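Enquirer: Take the given structure of chain A and dock chain B to it, following the hints.
Chain order of the listed sequences is A and B. My numbering puts the first residue of the first sequence at 1, with every later residue one more than the last. My numbering puts the first residue of the second sequence at 1, with every later residue one more than the last.
No lab work stands behind these hints, which were simulated from the structure alone. Don't take every hint at face value.
[Claimed, not checked] Heads up, incomplete: computed chain A residues facing chain B, CB under 10 Å, no partners named:
1. L106
2. S109
3. M235
4. L285
5. E286
6. F289
7. W326
[Stated by the list, open to error] Pairwise CB distance ranges, derived in the manner of DEER restraints:
8. B/E103 to A/F130: 30 to 38 Å
9. A/P229 to B/T121: 24 to 32 Å
10. B/R124 to A/H164: 35 to 43 Å
11. B/E91 to A/D172: 26 to 34 Å
In this text the structure is predicted, and so the values were computed from the model without any measurement. Ideal placement from N, C-alpha and C gives every residue a C-beta, glycine not left out.
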Amino acid sequence: MSLLFNTEWGFLEGIVRGFKNGMLKHSDYLALTQCDSIEDVMMSIQGTDYGNIFANDRKFSVDLIEKRLGEKLLHEFNYIRAHSTEPLSSFLEYIRYPYMIDNVSLLISGLNNNRPMKRLLEMCNPLGYFDQLAAIEVAVSSVELFNAVLIDTPLAKFIPPEFHEDTFGEIDVEIVRGLLYRSYLESYYAFCQGLGGTTSDVMCKLLSFEADRRVITITVNALPTNLTPNDRLKMYPTCGQLPDLALRTLSEIVDYERVRDMCNFAGYGDMFENIERDTDGLIGLEDRFLMLEAKNNVYSYLQQFHFGVFYSYVKLKQLEVRNIIWICECIAQRQTDKVNAYIPIPLE
Amino acid sequence: MVAEKLDKEAAGQLLDAMYLDMFHLIEEHTQCRVNLERANASGAILLARTRFQAGGCNSVSKAQIPTENSAEFNALCRVIKAKDENEVNIERHEVDKANGYVEPLHWFSVLPPMSLRHAVTKFRDCIELVAESTNLQRQLTDVLSWISKLRQSVLKQ
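The following block holds chain A by itself, in its conformation from the complex (with noise of 0.2 Å):
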């Protein structure tokens, strides 16, 4: 299998260890967080391995930074798929299927508030572009905008059989969202697992972990909500670790403790407990998923001749952004004693 995997794809593996080879340190975070202002972190930035991204910037802002590392994954993503071949090309649009599913929501939200549609584009990932994007404007109905959005697109495949056209405008755009990815997510591990090998052990145990993920992370989020019992639990992702008797029972619970206690049973517990760093209260049950998600990604570089190198790749590259965005936002909003609540990658 090894050799047969290097032949097609070891290059582009190799390729993508020496991208997760030049992601941010330790060292290169206390630099950052050492910064007085946006411009002294562009020029850190420049220092590291994302190189003159800033050469032809004039005004510095948290935007422009974003733009920018967004724009350096970008290309280092589509190297990697224009080289690609057979599963491999189906794998990595996998990847950018998250990112199409949050570009349909934002333009639906936008176009919901009569923005303009370019300046919606302007917003969207540009991970997450397919041609069919700009179609969705010239909807002037739901059963268009159905058609438009999700018969015509890549997400087509991700529609769950439950939706009609003609209630497709009265479900809200996050509840969509909800359904699509778990369907999206149901799908990549099913795909997953037919390609067998140490792709299938590493990315399904990373997807276990993601529906699992979210499951919880809906069951808390809806617990101040109206969302009845049979709307949430069509949004959990079947996929995962939980059995499908935790699912149900998560569906219904509208106390947080016994969601603790639930996940103290599924071996989720310590998502729940305070951690020393959080001294005010910025840490909440996302970032410590995030944590674990981090360990996670950087344990399947232990193992060679696989795909989940390139996913574990999009995931730790997007934490990273994450991170230089919160210590710019800290810089930028004169807050600099949270600058330290960033999620640190434990590469080394």
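Expert: Same frame as chain A, but now just chain B:
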């Protein structure tokens, strides 16, 4: 002459009391402004935290905020005159989607994360503090005006 002297003394004591009031009001007003600044900063950093946790600036985005071309809705929070005409109060309305009183939090998500909910609490506190600051400012203006009048009348004597 004795009466004049007594009048001046009384005016002086009144002026002292008013100056004391003025200093207390300045202190309260400054503290209110500091609290307002703190609450606003906490709200802003919590919004940044929400974007950090959800991934990217589009999770809490301008695209989700209604524009002048969006469907009309009623404000949940209004500034009204208090019983004492010189003061303002905040009137809050319950969420009632059928009658146009929408929950602004739902513009961003029907499943908002905890950080976004905390941000809402902070910005709500900001509104209360703005009203308090306004009332203190008005009281201070009144006291300064009375001090000025009293000083002029004492000088005329």
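Enquirer: Report the numbers of all earlier hints that the structure fails to satisfy, in ascending order.
Expert: Failing hints: none at all.
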